[in-house]
Amino acid sequence: MNISNLKPVPAGRVIRGGSFSWVLPYRAGLVSLVLISITLVLFIYALMAGETSLNPVQVFKSLTGSADWATNLLVGEVRLPRAVAAWSAGAALGLSGAMLQAITRNRLASPDILGVNDGATFMVMIMVMFAASPVVGEWRISCGGALLAFSILMLLSRNVGSHGHRMLVIGIGVSQLFRSVNELMLSRGHIQHATAVYVWSIGSFVGRGFEHALPAMFGLLICVPWALSLQRHINLFSFDETIASGCGVSVKSVKLQTIFVAVLSAGLGLSVGGPLAFLALAAPIAVSRLVRSSKVAVVGSLLTGGLLALGGDLAGRMLLAPIELPVGVVCRIFGGLFLLLLLVLPKRNAG
Amino acid sequence: MKILFVILGLLTACIISLGVGGGSVSLLHVFDYLSGRPLGDDPEYVEMVLVSIRLPRTLGAILVGTCFGLAGALLQTVTRNRLAETDLLGINGGAALGVVIGLTFFGAETVSGYMGWSFGGALFGTMLVVAIAGRGGITIPPLRLVLTGLAIASTVQGVIGFILLQNQNSLDQFRFWVLGSLAGVTLDGIMASLPGTLIGILIVIAITRSLGALRLGDDVAKGLGHRPAVTRFAAIAAVTLFTGSAIALTGPVVLLGLIAPYAARYFVQSSMALFFIVSGIMGASVLLLADSVSRIIVRPYESPVSVVVVLIGAPLLIHIARSPKQLSSLNS
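Order-wise, the sequence lines are chains A and B. The working numbering numbers the first residue of the first sequence as -11 and each following residue consecutively. The working numbering numbers the first residue of the second sequence as 865 and each following residue consecutively.
So that you can see chain B by itself, here it is in the shape it has in the complex (with noise of 0.2 Å):
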C-alpha cells in the first residue's frame, strides 16, 4: 500500500518538472498535451518546451536521481553505515577526476565519450574507500569513514584544480558541469547512461538476497549458501556503474545518497527489495523536485541543482551525525 503513495509520490514530481521553468508553459499545457487535447494558442511552442526542453531534463533527472539513490542504498547496507554516499565517500571525486583528466588529455568532448572516464574515476574512488575501509577486516567506524572520504574528495579536488589551471579550454568545459545541473542534459546522453544504470539494476536484482543474508552477519549468510566477498564485489561494481554512469551526465549531485535511503526506510522496513526500489524511486522523486526548485529559486538565473539537494542533504547529515540511535541502529 505504502508503495503505491511512493509511485503517486514520482508521477506528480514528473508532471511538476515538466510543468515548471523558463517558458511560458504551465501545468494545465502538460495536462492538456499528457491527455491528447488541443494545446491553446501555440500548440507548436508548447510542444517544443514540452519535449525538447522538459522531457530530457525530466527523464535525466529520473535516471540520475535513481543511480545516486540506488548507490547511497547499496554502499549504506554494504558498509552498515548511514553516512555512506558516494560524495562523502570521494567516489564523486574520483569520477569527477575521471572526466577532467578524459576532457584535458584525451579529448572526451560528449558524455558517450567520457563514460569510460567516469567509469574508471569511479572504480578508482571506490576501491581506494574499499582498501582503507577494509583495512584488516575490521569494519571502519561510521564518522571516521566520513572523514577518510573528505580527505579523499579533497586531494581529488585539489589534483582537478591542478589539471584545470593549465587547461583553460577544459576549464570553460568543465565548469558547467562541476556542480551538478541537469541543464545540458540530452536525449543522447541519457542514452549513453542508460546501458550502465541498467546493468547496476541487474547485479542489484541479483544480489539483493545475498545483501539481506549479509545483514544478519557474515557467518550466518555464509551458512545459508552466500558468498560474502562475491556479494561485497558485485554490490561494489554497480555502485561504480551507477556513479560512474549518472556523473558522466549531470557532474556530481551532492548527498542525494544520504537522503534517498532515508526517505526509503520510512516507507519500508524489512524487506530488502522493496528497500532498493524505493530508495531509487525516492531518489529520483527528490530530485526532479529539486530541480523543479532549482529553475525558479534564483529567477531569472538558473541554480545548479545540486545546491538545491545539498539545501535538505547537509541539514539530514547533521541530524543523523548528531543522533546516536541513527548511527548505531545499522552499524553493529
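Pulled out of the complex, with its shape left as it was, chain A reads as follows (with noise of 0.2 Å):
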C-alpha cells in the first residue's frame, strides 16, 4: 500500500543541454491542463444549474456585470461565492493528502482518518460554545483543531513514517474519542448553537462564501509554493529516510515542514465547509493513477481536489433536487466506497 512499492516510470522526457538536464513532465502537465479544463466547465455548470436555471450567455452576461438585477445576485451573490469557497475547499484537502501520504509512506493516511478533521471540529465547538458571538468554522480555530489533533497522533503512534496500518488505526482512535466528546457538548450545549455546528460538521458549503474561501485561498498561496519547495526532498522519502538523508536531505526539517503544510492547508480546507469525507485520501491517488507516477503531485492533488469538491457540491445539489444533500454526504458514499475498492482489490490494482 506504500508508494515505495511502486515500479519507478520516468516522469517525463529528458531535455538536456550541456551540463544541465531538465526532466520535462509532459504527462503531469497534460493531466493538470485537463483537470483544469473540466474545472472550468464545472465552474460554469455550477453557475448555471440550479432552481433557476441560466444559459452561458446570461451567466457570462451577469459576470461581466450587464445582466439584470436578478441574474447578477444569483450569480454574484450566491452560486459564485460558493462555487469558489467549494473549489478551495477542495484544493486545500487535496494539498493536504497529498503531503500525509507520501511523508508517511502510507496511501490511506488522510486527515479523516487519522482524526484530524473531528480535532478541527472538536475545537470549532468548543469556540461556538463558549464565545460570545461565535463564528462556524474560523480558519485560526480549525487550523489549531488540526494540530492539536495531529500532535496526539504524533505522541501515540511514536514514528510517524511507520509502515502498514498501526497509525491508521491509532488515527481512528483519536477520532472517536474526540467524536465522543463533540457528542458530548452537542448534547448539553445551547439548541442554537448545537444546530449551527452541527451543519459545518456534516459538511456543507449553504451560505459559505467568499469570506470564508478568502483565508483558504491565502493559506494555498503560502502553501503552494513551500510544498513545491519540499516536493524534491520528499520524492526521496519515497525509498526509505536513511537513502533520504544520504542524499543530502535534512530529513527531520523536512518531516516537520511538510506535516506542518499538510496539517495547516487541511484546517485551511475544514473552515470552509466543513469535513469533506475520505476527499485529501482519494484526490492524490487519482492523480498518481491518471499521471502513472509515485510522486508527490503538489498541483495535480490540488487540482483533483478542488474539482471533486466543485462536483460533489454540484451533485448534492441536483441529485434529489429541490432538495440540497450537503457535500459531505456525498463524499461519504462515494468516499467510503473508493476506499473499500482500495482495500479489496488486489494489491496491485490498489497501489
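Just so you know, these hints were derived from the structure itself, not from any lab. Yeah, the Cβ is synthetic: ideal placement off N, Cα and C, and Gly gets one too. A couple of the hints might just be wrong.
Said to hold, decoys possible - Rough simulated footprint, nothing fancy, chain A against chain B, three-plus residues with beta-carbon under 8 Å:
#1 1010 to 1021
#2 1154 to 1165
#3 1174 to 1186
What the hints assert, rightly or not - Pulled a few chain A residues facing chain B out of the computed Cβ check, cut under 7 Å:
#4 Arg154
#5 Ile158
#6 Leu165
#7 Arg320
#8 Ile321
Two chains, each in its own frame: build the complex with the hints.
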C-alpha cells in the first residue's frame, strides 16, 4: 500500500543541454491541463444550474455585470461565492492529502482517518459553545484543532513514517475520542449553537462564500510554493529515510515542514465548509493513477481536490433537487466506496 | 473464584444503575425497596421511579450489554483479531441502515416493528465483512480489517444521511436513537429483543466447544470431529442475532464489544465457555455503569450512553493498536 512498492516510471522527457538536464513532466502537465479544463466546465455549469437555470450567455453577462439585477444577484452573490468556496476547500484538502500520504509513506493516510477532521470539529465546537458571538468554522480555530489532533496522534504513534496500518488505527481511536467529546458538548450545548455546528460538522457549502474561502485561498498562496519547494525532498522519502538523508536531505526538518503544511492546509480546507470525508484520501491517489507516477503531485492533487469538491457540491445540489444534499454526505458515500475498493482490490491495482 | 467477583460486580452495577439519576430516589431507597422495608415519606413516588423508569433501563442495559459483549467475544474468536467489534467492522452501521429503511419506507415504528429490519441490516453488514475478510481463504490482517469496517461504516452513514434528509419525519424519530441511548427503553421493547438474544445465547452454548477446537487451527479441529465452516456460520448467525436485537432496542453502542472481551481476558485465561460468560457479564456491567454516568455527567441534560462507552473504548482501541503483543497474541 505504500509508495515505495511502485515501479519507477520516467516522469517525462529529459531535456539535456551541456552539463544541465531537466525532466519535462509532459504527462503531469497534460493531466493538469485536462483537470483545469474540466474544472472550468464544472464551474460554469455550477453557475448555470440550480432552481433557476441560466444559459451560458446569461452567466457570462452577469459575470461582466451587464445582466439584469436578479441574475447578477443570483450569480454574483450566491452561486459564484459558493463555487469558489467549494473549490478552495477541496484544493486545500487535496494538497493536505498528498503531503500526508507522501511523508507517512502510506496511501491511506488522510486527515479524516487520522482524526484531524474530528480534532478541528472539536475546536470549532468549543469556540462556538464558549464564545460570545461565534463564527462557525473560523480558519484559525480549525487549524488549531487540526494541529492539536495531529500532535496527539504523533505522540501516540511514535514514528509517523511507519509502514502499515498501525498509525491509521490509532488515528481512528483518536477521532472516535474527539467525536464522543463533541457529541457530549452537543448534548449539553445551547440548541441554536448546536444546530449551527451540526450542519458544519456534516460538511456543507450552503451559505459559504468569499469570506470563508478567502483565508483558504491566502493559505494556499503560502502552502503551495512551500509544498513545491519541499516536493523534491519528499520524493526521496519514498525509498527510505536513510537514503533520503544520504542524499543530503535534512530528514527531520523536511518531515516537520511537510507535516506542518499538510495539517495547515487541512485546517484551512476544513474551515470553509466543514469536513469532506475522504476527499483528501482520494485526490492524490486519483492523480498518481492518471500521471502514472509515484511522485508526490502537489499541483495535481490540488486541482483534483478542487474538482472533486466542486463536483460533489454540484451533485449534492442536483441529485435530489429540490432537496439539497450536503456535500459531506456525497463525499461519505463515494469516498467510503472508494476506500473499500482500495482495500479490497488486489494490491497491484490498489497501488 | 474469580467469576464470583465478576458476578458481584454486575450486582453492584445493577444497584448503582437503580440508585442514580433524576428524581430524588437514592441508593438507600433501592436497598429499602429490595429488602421490603417502608419507603420513606412518599412510597408511591419512589416505587414509580424505580419500577417504571429505572428498572426497564437497567434491564435494557443488561440485555444490550450482554449482546454486544458476546458479539465482540465471538467475532474476536472467529477472526482471531482483538480489534474485531461490531461497530469497528461496520455491522452496527448495517443494522442502523436496516432500521432507517424500515422507518422511512415501511413505517416501522416500534421496537418489534423494526426488529426484522435491524436483523436484515446486521446480516448485510456481517456478510459484507465475511466476504471481504474471507477472500481467498486468507485471514485479513487485523488492522486492515478495521479500515475495511471504517469504509463500510462511512458509506452506510452517507446513505443514511441521504435517506434521512429527504424524510424529516424519520429524521426526528431517528435522532434520539442513532446516538445509542437507553433513555427510551420500555419493557415492551425488551420483550421484543429477548427472543433473538436467547436464540443467540443457545447458539453460543452449542458451538463453544467447536470454537475452542478452532483455536488450534482448522486442521486440528477437523481431526477432532468438528466442522469449522459450520461453526463459523453459526457464530456469524449469533453475531447477527445479538447485534440486530441490541440495535433495535437502543441504537448503536460503540466499542462495547471491544471492552468486554478485553476485560474478560483478565479473569479468564483458557476456558472458552467461561470467556464467553464473563464477556457477556462484563458487557452488561460496563454498560450499566456507563449508563449511570451518562445520567449525571451533563446534568440537567442526559448524554447518550454510547458517548460514555467510547470515552473508555477509544483509549483501549489505541492501546491495543499500539502494542504489537496485544495484536499478535491472538492472530497467529
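Looking at the structure, which of the earlier hints fail to hold?
none
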